[in-house]
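2 protein chains.
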Amino acid sequence: MQETTRLAGLIQERIGDTLARHRQALEPLGRDAEPLLDEALGFLSGGKRFRAQFAALGYRAVRPLDMSARVDGELAAVLDAACALEFFHAAALIHDDVIDRSGTRRGRPAVHRLFAALHRQHDWRGDPEHFGLAGAILLGDLLQSWADELLQNACDALPDRGAAGRARRHFNRMRSEVAVGQYLDVLEEQQSVFAPHTEQLERSTRVLVYKSAKYSVEAPLLIGAALAGADEGQEQSLADFGLPIGVAFQLRDDLLGVFGDEEVTGKPAGDDLAEGKRTVLVTLAREHLPPTQRRIFDDLLGGDLEREQVSILQRTIRESGAVDRVEQMISRNVDRATDALRRAPIRPDSAEMLGRLAERATRRSS
Amino acid sequence: MQETTRLAGLIQERIGDTLARHRQALEPLGRDAEPLLDEALGFLSGGKRFRAQFAALGYRAVRPLDMSARVDGELAAVLDAACALEFFHAAALIHDDVIDRSGTRRGRPAVHRLFAALHRQHDWRGDPEHFGLAGAILLGDLLQSWADELLQNACDALPDRGAAGRARRHFNRMRSEVAVGQYLDVLEEQQSVFAPHTEQLERSTRVLVYKSAKYSVEAPLLIGAALAGADEGQEQSLADFGLPIGVAFQLRDDLLGVFGDEEVTGKPAGDDLAEGKRTVLVTLAREHLPPTQRRIFDDLLGGDLEREQVSILQRTIRESGAVDRVEQMISRNVDRATDALRRAPIRPDSAEMLGRLAERATRRSS
Numbered sequence: 044m045q046e047t048t049r050l051a052g053l054i055q056e057r058i059g060d061t062l063a064r065h066r067q068a069l070e071p072l073g074r075d076a077e078p079l080l081d082e083a084l085g086f087l088s089g090g091k092r093f094r095a096q097f098a099a100l101g102y103r104a105v106r107p108l109d110m111s112a113r114v115d116g117e118l119a120a121v122l123d124a125a126c127a128l129e130f131f132h133a134a135a136l137i138h139d140d141v142i143d144r145s146g147t148r149r150g151r152p153a154v155h156r157l158f159a160a161l162h163r164q165h166d167w168r169g170d171p172e173h174f175g176l177a178g179a180i181l182l183g184d185l186l187q188s189w190a191d192e193l194l195q196n197a198c199d200a201l202p203d204r205g206a207a208g209r210a211r212r213h214f215n216r217m218r219s220e221v222a223v224g225q226y227l228d229v230l231e232e233q234q235s236v237f238a239p240h241t242e243q244l245e246r247s248t249r250v251l252v253y254k255s256a257k258y259s260v261e262a263p264l265l266i267g268a269a270l271a272g273a274d275e276g277q278e279q280s281l282a283d284f285g286l287p288i289g290v291a292f293q294l295r296d297d298l299l300g301v302f303g304d305e306e307v308t309g310k311p312a313g314d315d316l317a318e319g320k321r322t323v324l325v326t327l328a329r330e331h332l333p334p335t336q337r338r339i340f341d342d343l344l345g346g347d348l349e350r351e352q353v354s355i356l357q358r359t360i361r362e363s364g365a366v367d368r369v370e371q372m373i374s375r376n377v378d379r380a381t382d383a384l385r386r387a388p389i390r391p392d393s394a395e396m397l398g399r400l401a402e403r404a405t406r407r408s409s
Numbered sequence: 044m045q046e047t048t049r050l051a052g053l054i055q056e057r058i059g060d061t062l063a064r065h066r067q068a069l070e071p072l073g074r075d076a077e078p079l080l081d082e083a084l085g086f087l088s089g090g091k092r093f094r095a096q097f098a099a100l101g102y103r104a105v106r107p108l109d110m111s112a113r114v115d116g117e118l119a120a121v122l123d124a125a126c127a128l129e130f131f132h133a134a135a136l137i138h139d140d141v142i143d144r145s146g147t148r149r150g151r152p153a154v155h156r157l158f159a160a161l162h163r164q165h166d167w168r169g170d171p172e173h174f175g176l177a178g179a180i181l182l183g184d185l186l187q188s189w190a191d192e193l194l195q196n197a198c199d200a201l202p203d204r205g206a207a208g209r210a211r212r213h214f215n216r217m218r219s220e221v222a223v224g225q226y227l228d229v230l231e232e233q234q235s236v237f238a239p240h241t242e243q244l245e246r247s248t249r250v251l252v253y254k255s256a257k258y259s260v261e262a263p264l265l266i267g268a269a270l271a272g273a274d275e276g277q278e279q280s281l282a283d284f285g286l287p288i289g290v291a292f293q294l295r296d297d298l299l300g301v302f303g304d305e306e307v308t309g310k311p312a313g314d315d316l317a318e319g320k321r322t323v324l325v326t327l328a329r330e331h332l333p334p335t336q337r338r339i340f341d342d343l344l345g346g347d348l349e350r351e352q353v354s355i356l357q358r359t360i361r362e363s364g365a366v367d368r369v370e371q372m373i374s375r376n377v378d379r380a381t382d383a384l385r386r387a388p389i390r391p392d393s394a395e396m397l398g399r400l401a402e403r404a405t406r407r408s409s
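Chain order of the listed sequences is P and G. With the numbering used here, the residue at position 152 of the first sequence is 195, and numbering never jumps. With the numbering used here, the residue at position 180 of the second sequence is 223, and numbering never jumps.
In case anyone wonders, no lab produced these hints; they're calculated from the structure. Every residue gets a Cβ at the ideal spot worked out from N, C-alpha and C, and that includes glycine. Among these hints, one or two may not hold up.
[To be verified] Label pairs and their in silico Cβ distance ranges:
#	chain 1	residue 1	chain 2	residue 2	range
1	G	I355	P	R168	39 to 47 Å
2	P	D347	G	P78	24 to 32 Å
3	G	G150	P	V114	35 to 43 Å
4	P	T147	G	R151	47 to 55 Å
5	P	P239	G	G85	27 to 35 Å
6	G	R49	P	R399	43 to 51 Å
7	P	R168	G	D274	46 to 54 Å
8	P	R106	G	A238	35 to 43 Å
9	P	E70	G	R106	45 to 53 Å
10	G	A238	P	L84	45 to 53 Å
11	P	D60	G	R406	28 to 36 Å
12	P	R106	G	E70	31 to 39 Å
13	G	R163	P	V114	34 to 42 Å
14	G	D367	P	R168	35 to 43 Å
[Said to hold, decoys possible] Partner residues aside, some chain G positions facing chain P, computed with beta carbon under 10 Å:
#	residue
15	A51
16	A206
17	F302
18	E395
My request is simple: use the sequences and hints to build the entire structure.
See below:
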């Protein structure tokens, strides 16, 4: 646990140092650019840091890493790779919140809201919301390029060119898949009717896998492991562990998106319901509803919901048995992952830490 | 000229091959993702390709490059770097058009409009405009990451690690500066009054330099030259040439944004006026206007303009003498660049080609 705390601290420091370096480099552009840096720091001070931790543990699965050492050389490179994932994730979330019209993130107003507030505070001309949109798009773009720069730094600092190339390929695949996965997610919300159950479940699962499961666990693990020079067998085992943990992670997120406590998740209760997300949970809930109830369910989903209506949807989902089924799916995926981890040809101490991190990622309440 | 045509053809082919590769990699995500690839190809089939050409010529300023050779090894790497700039530029324009609410680009509807049209065509649920926004944000994100991947490919394919590192630093600086420059540009439009003339000119010039001048010419040149292993003297000369050409390029753009022929520019006439852009041209025009006329000018700028009102603003700008002053600035910058080019320690044949490309970039009508 001490190691986990140390890692979290090192990552936060590295994020701070990286942003300070960019702030300095951008000084010639004047003080007007500062809100971009301020919002970046604010946003990156929160979050659960699962991706950074999976990346660092992916590295340690293959090579020992002294985390009490001075931060340079190898440790600095691993931290840069871990931070790259946090920067990329921040960029993706900032754009997602615009796309999903989410007003809250990590217990604070979403970035587009913060820029809109800046506009109002200065009583500027034009539409505050549109300025908010512009600020969020541009900050996301900046963070995306800084993520990439951090990964380059990590790759450059390590001597093994082949390993660096493999890490980058994982990073590149992840970026493409998460953007396309997000597009497919948005596309789902535009469909006026649900597809027949089997097809709908396939579609919901596809979004879950590409937009989240691979991205949250498997890709960070593989990026870290590749940087450490993992062989094919090690990468395959980490993928066999990472994908089911990622699936369980997102299924947990689906549950939290419907039943989560606002105080703990930092997002409004029933957020996914108002957004009309066709999650696996929702798809399973609809399967066994009688036609009339299903029609009411579909009509409510994705609308402007009163607290009462959120409760109706929550109750319907729970009574459909979908919550239990999703909990079972989570357990099965965790079991499968645990099994893969046990047989993985990786360093035993990191396997133990990975198991604990996976537990936290799939049993969490925020 | 034959070489230029050959280069343009090679770049188009490389863009097509790159997108085909991504299309294949994304096949497991299903056919629903195809519109992203289709719009990418549509967008990247147009454009003037100045950045790609400056990058290729930056390389050739330092090392000979046989453009009639088979496309592999060195030539492939240079083409990847050149395409990286086109992909990045496409990403930036797609996001810019959302931010600037531009409906037209390269003679076609802007990408957010195309996704909105797709929504309408399928009679999907929800707001077509918001779906258009989502599609444009995500396609921009994808293209930005593919740009980065192309530059990595270029860097990996060349043997000189130091050169690759320098090229990437130029690329990274460019990305940061252009996003922040765009933010400053948007910020200008939110100000309810113009700053006093000297300060306003400084602000308009800052946006011109960072959002456009460095990005359009200097950065591509330096990325190409660095990849070829340019020494400090060569990079400095190319910057001394590139920055004034970039300034002249953008000043030309300012003129076209007010006086350009829609048929040739692919953007509506007087587009910059409706967007309320505080360009150097506009700032110079206001300087000598009598107070009453200036008030009318300011009131019209950035509003919903009738054709008649566009004409009034155009006439006012012309009669203020600002057009002549901007033309003089363009000439002075071109002279300064030509002078730097003459003294530059670079390969003579590419210096000649650079001169011709610079001429086209600063004298163009589209």
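Tested hints:
1. The supplied range of 39 to 47 Å is broken by I355/G and R168/P, whose beta-carbon atoms lie about 21 Å from each other.
2. Evaluation of the 24 to 32 Å hint for D347/P and P78/G yields a pass: the beta carbon distance comes to about 29 Å.
3. For the pair G150/G and V114/P, the supplied restraint of 35 to 43 Å is violated, since their beta-carbon distance comes to about 52 Å.
4. At roughly 37 Å, the beta carbons of T147/P and R151/G sit outside the given window of 47 to 55 Å.
5. Taken as a hint, the range 27 to 35 Å holds for the pair P239/P and G85/G, whose Cβ atoms sit roughly 33 Å apart.
6. A C-beta distance of roughly 59 Å is found between R49/G and R399/P, which places it outside the suggested range of 43 to 51 Å.
7. Range check, R168/P to D274/G: Cβ separation about 48 Å, and the 46 to 54 Å hint holds.
8. With their beta carbons about 56 Å apart, R106/P and A238/G fall outside the hinted range of 35 to 43 Å.
9. Between E70/P and R106/G the Cβ separation comes to about 34 Å, which falls outside the hinted range of 45 to 53 Å.
10. For A238/G and L84/P, the Cβ-Cβ distance of about 28 Å falls outside the hinted range of 45 to 53 Å, so the restraint is violated.
11. Here the CB-CB span from D60/P to R406/G is close to 46 Å, at odds with the stated 28 to 36 Å.
12. In this structure, R106/P and E70/G meet the distance hint of 31 to 39 Å, their C-beta atoms being roughly 34 Å apart.
13. The hinted window of 34 to 42 Å between R163/G and V114/P is violated, with their beta carbons roughly 53 Å apart.
14. Between D367/G and R168/P the CB atoms are about 30 Å apart, so this pair departs from the stated range of 35 to 43 Å.
15. Annotation: interface hint on A51/G violated; nearest CB of chain P at approximately 27 Å, more than 10 Å.
16. A cut of 10 Å between beta carbons decides the hint on A206/G: the least distance to chain P is about 13 Å, and the hint is violated.
17. About 25 Å separates the beta-carbon of F302/G from the nearest beta-carbon of chain P, more than 10 Å, and the hint is not met.
18. Hint on E395/G is violated. Least Cβ distance to chain P is approximately 33 Å, over the 10 Å limit.
Hint compliance for this structure: hints 1, 3, 4, 6, 8, 9, 10, 11, 13, 14, 15, 16, 17, 18 are broken, all remaining hints hold.
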